[in-house]
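Using the sequences provided together with the hints, build the complete structure.
Sequential numbering of the sequence shown, starting at 24, is according to our numbering.
Any given hint might turn out to be false.
Claimed, not checked - Mimicking EDC-like on lysine to aspartate or glutamate, the simulated pairs with C-alpha atoms at most 16 Å apart in a straight line are: (1) K65 <-> E33; (2) K56 <-> E31; (3) K56 <-> E76.
Derived by calculation from the structure, the hints in this document are not laboratory data.
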Amino acid sequence: MLNLVLFEPEIPNNTGSLIRLSANMGASLHLIKPFGFEITDKRLRRAGLDYKELAQVLNMRILIII
Numbered sequence: 024m025l026n027l028v029l030f031e032p033e034i035p036n037n038t039g040s041l042i043r044l045s046a047n048m049g050a051s052l053h054l055i056k057p058f059g060f061e062i063t064d065k066r067l068r069r070a071g072l073d074y075k076e077l078a079q080v081l082n083m084r085i086l087i088i089i
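Below is the structure:
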């Protein structure tokens, strides 16, 4: 399985696009907090939150590299 990771994302449009990409690829998207925007930001919704039921998005506070 493919995992996509965004570390402290700041641009809602890019985050939304990766939500859409992960939904289409069947990948997991890991968002590492803090975010530079509100999750309810309308740019994020427009870019990808219509895919939120299809995407596996995990919110995390820290990134652990193994």
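Kindly indicate which numbered hints from before are broken by the structure, ordering the numbers from low to high.
Violated hint: only 3; rest satisfied.
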